[in-house]
Amino acid sequence: MSIQPDRLVGYRLPEITQGYAPRDAILYALGVGLGHDPHAREDLKFLIEDGLEVLPTFAVTLASPGLWIRAPEFGVDFDRLVHAEQAAWFHAPLPPETDVVGSAQVISLTDRGPGRGAVLALEREIRDARTGRAYCTLRQTLLLRGDGGFGGPAAPSAPSIIPERPPDLSGHAVIDPRAALIYRLSGDRNPLHADPDFARRAGFERPILHGLASYALAGVTVARACGFSPTKITALQSRFSDVVFPGDVLDFRVWRNKGKATFQAFVGDRKVLDQGQVGFGGDE
1 MSIQPDRLVG
11 YRLPEITQGY
21 APRDAILYAL
31 GVGLGHDPHA
41 REDLKFLIED
51 GLEVLPTFAV
61 TLASPGLWIR
71 APEFGVDFDR
81 LVHAEQAAWF
91 HAPLPPETDV
101 VGSAQVISLT
111 DRGPGRGAVL
121 ALEREIRDAR
131 TGRAYCTLRQ
141 TLLLRGDGGF
151 GGPAAPSAPS
161 IIPERPPDLS
171 GHAVIDPRAA
181 LIYRLSGDRN
191 PLHADPDFAR
201 RAGFERPILH
211 GLASYALAGV
221 TVARACGFSP
231 TKITALQSRF
241 SDVVFPGDVL
251 DFRVWRNKGK
261 ATFQAFVGDR
271 KVLDQGQVGF
281 GGDE
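Everything in the sequence shown is counted per this note's numbering, starting at 1 for the first residue and increasing by one.
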């Protein structure tokens, strides 16, 4: 079956309720690379239950609809799907433990043409199940590499947000070789990140790191390069321009502006994150 745009556009997913505990927030922090130095105090506040702080980006994993797009009625070539971009706006700090409810809807499906794929955007809201307090609004963009040419509207182009000047700051992050196997325990069980045979069928030499893991690591690295705790992040967006493998070393180029920072990340000469931007609360 080919892609079914009439079933996808405007599709509203069932609401999902999820409870989480400090163990879940800690496991997430380990999965995005905190604790690489087990004695780093700036990491330990996200890794020890007493006085635990929660990374804002933990919200993007909560009440996740999982592999909903794999359902055969949508006709998507799931083996060739990749996570292309991620944006999120963090409205309130996450407590160490609560119940949340997530709602999600497909807000667009565009066509890049035959052989070039289709682009699907899913918007999600995460709020407290008891109080209704909004924690996060996020937009996930998927590149459906095997589903272009269905005759839908063309994918729009956007100007680059990367400044045309040398970066102001730099950052550095080492990806643990086990990172994908740890991160998947936060809910994304896509075999692309764990099964070598599945990864090869998808066109990769070995399992790749989850886009949301490199996304969260970017938030931590860029925030600290700018002199902020990751808890000060109020918005984070990035394009996944190439894959990141467990064991890679990421070098960040950062441009600082009042209230935000723009970034790119490279593995050697290969650009892996692009059009990145972090917003900070309390930046004067």
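Keep in mind that the hints were calculated from the coordinates and are not lab data.
Ideal Cβ positions, reconstructed from N, Cα and C, are used throughout, including at glycine.
Some hints here could point you the wrong way.
As the list claims (entries may be wrong) - No more than 25 Å apart at the CA atoms, straight line, and that leaves these computed lysine-lysine pairs for DSS-like:
#1 K260 x K45
#2 K260 x K271
#3 K45 x K271
#4 K260 x K232
#5 K258 x K232
To be verified - The calculated label-pair distances, taken between Cβ atoms and stated as ranges, are:
#6 S229 x G268: 28 to 38 Å
#7 S229 x D168: 14 to 24 Å
#8 R130 x E164: 43 to 53 Å
Evaluation of the provided hints:
1. K260 x K45: holds (24 Å)
2. K260 x K271: holds (21 Å)
3. K45 x K271: violated (31 Å)
4. K260 x K232: holds (11 Å)
5. K258 x K232: holds (14 Å)
6. S229 x G268: 28 to 38 Å: holds (29 Å)
7. S229 x D168: 14 to 24 Å: Since S229 and D168 have Cβ atoms about 19 Å apart, the given range 14 to 24 Å holds.
8. R130 x E164: 43 to 53 Å: With Cβ atoms ~48 Å apart, the hint holds.
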